[in-house]
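Novice: Take a look at the letters that make up each chain.
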Amino acid sequence: MSVAEAIAVGEISGRLWFYANYHCNLRCSYCLTESAPGVDRREFGREKIVERAREAKELGFTAFGVTGGEPFLLDYMPELIAALGSELSTIVLSNGTVFNGRRLREMEPLADLPVQVQISLDHPEPDANDQMRGPENFRKVVEAVPRLVDRGIGVRIATTLEDPDEADPHEMERLCELHRAMGVPDEDHVVRPIVNRGRAVTNDMGVLAGFEQLGPELTLTADGAFYSPFAPTVRGGELDTDLLVSRTTSPVREPAEMLARIAGNRPAGNDASIGIR
Amino acid sequence: MPLIEAEQAPILARPFYPDEGAPSPITASLASVPEVLEVTLPFVGRILGPSAVDARTKEIVILRCSALMECRYCVETHTAVALDCGLSRAEVRALRGEWEAEAVFTDEDELALIAWVDAVAVGRGPAPEEVTARATEAMSHPELVELTLVAGATLMLNRYCSALGLPTSPATLARLGEEGLH
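These protein sequence lines map, in sequence, to chains A and B. The first sequence runs contiguously to residue 569 in the numbering used here. The second sequence runs contiguously to residue 982 in the numbering used here.
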């Protein structure tokens, strides 16, 4: 089965993910990658991302995703996202803390493209949110989201909770009122569980997410190709390799075909059990 | 050299890990690059594993090569394997270069093979005519092809295991101690 066929029948996701970098201006308690200020950047590289995106589109991938670290700590990120969005629908994950001044102006070309910026916001009140994500995070996010929305840039809000099924309905309603007030409709609000990988393992948080729980979504990083964007995690400063597909990331066909082979060998009925994005 | 334990084994590497117990250091190190592991181990397994050539003959090649290349890991590991394949302690010592091969081995075909391995492992350019003549008399053409490839694959592993300093398993070291072949 070709990569395009594997995508067409849903054997693997049509979205190709890139880990742009691993450093971040926050130090969230449940971070998959132990990202923080001062950690090794492990930057994938602008040219490499563009080159692999081109290969991926030719192979039949239908969308791109970019995550980190905080991707927008890299100066070229708005321009890179515009380049990716000019080719295929693109989502970029951000903590939403760096959208002001020059960076905000650089984001403006994204308004005309199929691009969404997914920003994390976990609680409707500053204290609870900032306890997980760091001081001043809430304020910066509620300031940044309307700025992006006002410029016509697509925004999604991602809420990450210990157990979404046990979430306080009143708190969730306040959170939804908040994102609606910021111009983000309900269909662009995703609620997902903390994944028990990376720093969440150290802090004993989240749900198990291994081969059986995650769907196959090719994810390229400076360390190689992984099974899912939830796979290239870091614990105690060491990269997890349990969901490593290959060290080879180019030509993209190679890890893509390996991923399709892996997905094809999953036991029947072994669908991803966690709907996390 | 990081050795990847079972819980961190990449998906493509998992079939090469045993259901119980630790993987070999070669497997656990190659797992860092799963796309290389999944072609290397079947290749090595095909060349060094069961085939038309008997295990004793293959171990003569492997242990001799490893000793000539001074690969501690391979010598220790294949000393134990060689004993399991029926080689005597004296034959093992001879292959390891501790004793003269001619003083221990009596089979002319095996002595021709040892000379061939010596030429393949440490020689440069074509093997000497005399060595080639003895080898072609002692072995069929398919056997010579296969055993030369056994030597080549062993040389590759010798350099890999030596350069990366792979550790010999405690069980193997204990066995060598018991046999007086440490």
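Since the hints were derived computationally from the structure, they do not count as laboratory data. There could be a bad hint or two in this list.
Said to hold, decoys possible - Restricting the straight-line Cα-Cα distance to at most 25 angstroms, the calculated cross-link-like pairs of lysine to any residue (SDA-like) are:
| no. | chain 1 | residue 1 | chain 2 | residue 2 |
| --- | --- | --- | --- | --- |
| 1 | A | K349 | A | L531 |
| 2 | A | K349 | A | Y368 |
| 3 | A | K349 | A | G507 |
| 4 | A | K349 | A | S378 |
| 5 | A | K340 | A | D480 |
| 6 | A | K349 | A | L405 |
| 7 | A | K340 | B | R814 |
| 8 | A | K340 | A | A296 |
| 9 | A | K340 | B | A822 |
| 10 | A | K349 | B | E835 |
| 11 | A | K340 | B | H982 |
| 12 | A | K349 | A | G393 |
| 13 | A | K349 | A | L506 |
| 14 | A | K349 | A | V331 |
| 15 | A | K340 | B | V836 |
Claimed, not checked - Ranges between beta-carbon positions, derived for each pair:
| no. | chain 1 | residue 1 | chain 2 | residue 2 | range |
| --- | --- | --- | --- | --- | --- |
| 16 | B | R924 | A | E350 | 45 to 53 angstroms |
| 17 | A | E546 | B | E805 | 22 to 30 angstroms |
| 18 | A | R539 | B | R924 | 45 to 53 angstroms |
| 19 | B | D909 | A | E343 | 38 to 46 angstroms |
| 20 | B | H982 | A | E350 | 54 to 62 angstroms |
| 21 | A | D496 | B | P967 | 50 to 58 angstroms |
| 22 | A | G528 | B | G897 | 52 to 60 angstroms |
| 23 | A | E428 | B | E805 | 54 to 62 angstroms |
| 24 | A | E371 | B | R924 | 37 to 45 angstroms |
| 25 | B | G925 | A | E371 | 34 to 42 angstroms |
| 26 | A | E546 | B | E978 | 17 to 25 angstroms |
| 27 | B | G897 | A | E350 | 37 to 45 angstroms |
Said to hold, decoys possible - Sample of chain A residues with no beta-carbon within 10 angstroms of chain B, all distances over it, derived:
| no. | residue |
| --- | --- |
| 28 | G330 |
| 29 | V434 |
| 30 | A459 |
| 31 | T533 |
The structure displayed is predicted, hence computed values, not measured ones. Ideal Cβ positions, reconstructed from N, Cα and C, are used throughout, including at glycine.
Novice: It remains to establish, for every hint, whether it holds in the given structure.
Specialist: Here is what the structure says about each hint:
1. A/K349 with A/L531: violated, 28 angstroms
2. A/K349 with A/Y368: Holds, at roughly 21 angstroms.
3. A/K349 with A/G507: With Cα atoms ~20 angstroms apart, A/K349 and A/G507 stay inside 25 angstroms; holds.
4. A/K349 with A/S378: holds, 12 angstroms
5. A/K340 with A/D480: violated, 30 angstroms
6. A/K349 with A/L405: holds, 17 angstroms
7. A/K340 with B/R814: violated, 29 angstroms
8. A/K340 with A/A296: holds, 21 angstroms
9. A/K340 with B/A822: violated, 37 angstroms
10. A/K349 with B/E835: holds, 23 angstroms
11. A/K340 with B/H982: Given pair A/K340, B/H982 is violated - Cα atoms ~50 angstroms apart, limit 25 angstroms.
12. A/K349 with A/G393: violated, 33 angstroms
13. A/K349 with A/L506: Holds, because 23 angstroms separates the two Cα atoms, which is no more than 25 angstroms.
14. A/K349 with A/V331: violated, 32 angstroms
15. A/K340 with B/V836: holds, 22 angstroms
16. B/R924 with A/E350: 45 to 53 angstroms: The hinted range 45 to 53 angstroms holds for B/R924 and A/E350, with Cβ atoms some 47 angstroms apart.
17. A/E546 with B/E805: 22 to 30 angstroms: Hint holds: Cβ distance 26 angstroms, inside 22 to 30 angstroms.
18. A/R539 with B/R924: 45 to 53 angstroms: Distance hint for A/R539, B/R924 is violated at roughly 34 angstroms.
19. B/D909 with A/E343: 38 to 46 angstroms: The hint (38 to 46 angstroms, Cβ to Cβ) is violated, given that B/D909 and A/E343 are roughly 56 angstroms apart.
20. B/H982 with A/E350: 54 to 62 angstroms: holds, 58 angstroms
21. A/D496 with B/P967: 50 to 58 angstroms: Taking Cβ atoms as reference, A/D496 and B/P967 lie about 33 angstroms apart, which means the hint is violated.
22. A/G528 with B/G897: 52 to 60 angstroms: violated, 44 angstroms
23. A/E428 with B/E805: 54 to 62 angstroms: Because 40 angstroms falls outside the window, the suggested range is violated.
24. A/E371 with B/R924: 37 to 45 angstroms: Since the Cβ atoms of A/E371 and B/R924 sit about 55 angstroms apart, the hinted range of 37 to 45 angstroms is violated.
25. B/G925 with A/E371: 34 to 42 angstroms: violated, 57 angstroms
26. A/E546 with B/E978: 17 to 25 angstroms: violated, 46 angstroms
27. B/G897 with A/E350: 37 to 45 angstroms: The hinted range 37 to 45 angstroms is violated for B/G897 and A/E350, with Cβ atoms some 56 angstroms apart.
28. G330: With a cut-off of 10 angstroms, A/G330 remains clear of chain B, as the shortest Cβ separation is near 23 angstroms.
29. V434: holds, 40 angstroms
30. A459: Consistent with the label, A/A459 stays out of reach of chain B, its closest Cβ about 31 angstroms off (over 10 angstroms).
31. T533: violated, 5 angstroms
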